[in-house]
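**Q** Chain by chain, the residues:
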Amino acid sequence: MIGDHLPALQVVVPLLAAPLMVLVRRGTFAWLLAVAVSWTALAIALALAFKVREAGPISYAMGSWPPPWGIEYRVDALNSFVLVLVSLVAAMVAPYARASVAAELPRDQHYLFFAMYSLCLAGLLGIAITGDAFNLFVFLEISSLSTYVLVALGRDRRALLAAFQYLVLGTIGATFYVIGVGLLYLMTGTLNLADMALRLREVGEIRPVLAALAFITAGIGLKLALFPLHFWLPNVYAFAPSAITAFLAASATKVSVYVLLRFYFLVFGVPLVFGRMPMAEILIALSVLAVVSASLVAVFQRDLKRLFAYSSVAQIGYITLGMGLANEPGLTGAVVHLFNHGLTKGAIFLLLGGVALRVGSTSLERVAGLARTMPLTSFGIVLGGMSLIGIPGTAGFISKWYLVLGAIAHGYWWLAALLVASSLIAVAYVWRFVEMAYLRAPAPGAAKLDEAPPSILLPAWIMVAGCVYFGLDTSFTLDGARLAAAVLLGGVR
Amino acid sequence: MTLAGHYSYWVTMFLMISGLYIVIARGNLVKKLIGLGIFQTSVYLLYIAPGKLIGGTAPIVAASFSTYSNPLPHVLILTAIVVGVATLALGLAIVVRIREAYGSIEEDEILEKDQAGEDGR
Numbered sequence: 001m002i003g004d005h006l007p008a009l010q011v012v013v014p015l016l017a018a019p020l021m022v023l024v025r026r027g028t029f030a031w032l033l034a035v036a037v038s039w040t041a042l043a044i045a046l047a048l049a050f051k052v053r054e055a056g057p058i059s060y061a062m063g064s065w066p067p068p069w070g071i072e073y074r075v076d077a078l079n080s081f082v083l084v085l086v087s088l089v090a091a092m093v094a095p096y097a098r099a100s101v102a103a104e105l106p107r108d109q110h111y112l113f114f115a116m117y118s119l120c121l122a123g124l125l126g127i128a129i130t131g132d133a134f135n136l137f138v139f140l141e142i143s144s145l146s147t148y149v150l151v152a153l154g155r156d157r158r159a160l161l162a163a164f165q166y167l168v169l170g171t172i173g174a175t176f177y178v179i180g181v182g183l184l185y186l187m188t189g190t191l192n193l194a195d196m197a198l199r200l201r202e203v204g205e206i207r208p209v210l211a212a213l214a215f216i217t218a219g220i221g222l223k224l225a226l227f228p229l230h231f232w233l234p235n236v237y238a239f240a241p242s243a244i245t246a247f248l249a250a251s252a253t254k255v256s257v258y259v260l261l262r263f264y265f266l267v268f269g270v271p272l273v274f275g276r277m278p279m280a281e282i283l284i285a286l287s288v289l290a291v292v293s294a295s296l297v298a299v300f301q302r303d304l305k306r307l308f309a310y311s312s313v314a315q316i317g318y319i320t321l322g323m324g325l326a327n328e329p330g331l332t333g334a335v336v337h338l339f340n341h342g343l344t345k346g347a348i349f350l351l352l353g354g355v356a357l358r359v360g361s362t363s364l365e366r367v368a369g370l371a372r373t374m375p376l377t378s379f380g381i382v383l384g385g386m387s388l389i390g391i392p393g394t395a396g397f398i399s400k401w402y403l404v405l406g407a408i409a410h411g412y413w414w415l416a417a418l419l420v421a422s423s424l425i426a427v428a429y430v431w432r433f434v435e436m437a438y439l440r441a442p443a444p445g446a447a448k449l450d451e452a453p454p455s456i457l458l459p460a461w462i463m464v465a466g467c468v469y470f471g472l473d474t475s476f477t478l479d480g481a482r483l484a485a486a487v488l489l490g491g492v493r
Numbered sequence: 001m002t003l004a005g006h007y008s009y010w011v012t013m014f015l016m017i018s019g020l021y022i023v024i025a026r027g028n029l030v031k032k033l034i035g036l037g038i039f040q041t042s043v044y045l046l047y048i049a050p051g052k053l054i055g056g057t058a059p060i061v062a063a064s065f066s067t068y069s070n071p072l073p074h075v076l077i078l079t080a081i082v083v084g085v086a087t088l089a090l091g092l093a094i095v096v097r098i099r100e101a102y103g104s105i106e107e108d109e110i111l112e113k114d115q116a117g118e119d120g121r
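Protein chains in written order, with the numbering used here: chain A, 1 to 493; chain B, 1 to 121.
Calculated directly from the structure, the hints in this document are not laboratory data. Being a predicted model, the structure only gives us computed values, none of them experimental. Careful, some of the hints might be misleading.
As the list claims (entries may be wrong) - Derived, one-sided and incomplete: chain A residues facing chain B with beta-carbon distance under 8 Å:
#1 134
#2 141
#3 152
#4 171
#5 182
#6 186
#7 187
#8 288
#9 292
#10 482
Don't be surprised by glycine CBs; every beta carbon is placed ideally from N, CA and C.
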């Protein structure tokens, strides 16, 4: 039955679409296929999510080789949530990409763009769905290599340097991860994550295991742009093609966060990570630094894409903060922020793509008076910004509320106060856009601009609407996050 | 076990650290990729060396053999080598494009050109 093979199809469909696009070599065909593939992926992810909620975790043995010998695909409450986020963003970005790519890339590269896009999607979904540590590395590299290509396609020549730096740092990160997995394999003799967790209990807290924890933390930390390892991110987001910035900001770092969550809570386990090693203190310290310093840096940016890129570093800080708190509300906040921030940043970068298309640049000076010429785009960015700040009624509020609850549950009142104070810095950088777009007159002699085309506005506004909707009706996100937090804490023994 | 008995680990660590050092210390983009290659290669050794048992044979069940080497690390590293080759190829392709766009592959010269405000294209 095809229903039984959904976990495999989730990855195989986008993976097979990519070579097909390269063989046919037609931009329009590639785009249609990319749209079809990403919507199929979304349908599969939703089907899996509902199945998991009804019947519990699904285990799929690749090629019928039973785990732990074969590669196991395992879908539970945590990763079905990540699958929905990634495929949802992909399904929004794919239809959007046509107009944006047509404006930013030469015609003969279009089919290659969509082929890389499908590969990247396959890689990200693969990371989320697999239950095998080495298979995860392979998918990590599939998604990373295609990302480097996509970033290098950016219009500005600085995109090339950004892609190169990302390639070097990303490869170091992935190699650190393989070193960690190698050490774990030496100690346990298994690569299946669930099996590894069981055998690690017998191995105990010996040095190679601690070294593996350090390597995996540093490696995945690079991939998710954990505070001092975030230097690749602003340039990548600023110079990549608009559609790719939106896709990466909403999915790539979030998937890496998921990997870290999985390893911390379901492989190493809380006693080792937070008892034997001081990861809680380290994560909280780095996250606080990320939230405060990256938000401050964002305030002083002159380019909107860079501004929101630094804001991403800060927002990832909120997620890792919830991880460091490691209690039920904190983890719920982290997982729900994973989703909410993905949605919010995706929406903002999609709208900025529209700005880049009409204005020709995303620098702050050039968007003066934008609210008069592109009212829908401007208002969408403001709503997204409100969600970044965490104003009640937006998705961002829900996640911050749980993070504050998590901090209070530990008795960290200073942290709760700091979380609220950091939102004020977010007000400052969002206000920079509001001031420029709403309160300034357009530069004299500036050309009359049209509103962005519907193919750009519609997907972007669906995501903006999501930011507001998931701030009011939290049944899908919050219940999902609670179940995911229960899975994470259930792994603690 | 003596220090010398762990020599495969010493080689692995030396390659790992020197590779990483080259990536960080060298400004030439091609040299950076060479360092990255050495760094990745060290991991191949980390996986494969412990899989070998002295006196072990290929894992084919036969009456006259009782010790087998672990074949799984070889399979894993075969995949990792493919990934390494792809990374190196892509990295070099980007360096070629950088050279076309900037006329240099020295990191400091490239950054200088960007600082000077010459906007590309």
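**Q** Would you pick out the hints that fail for this structure and give their numbers low to high?
**A** Of the numbered hints, 7, 8, 9, 10 do not hold.
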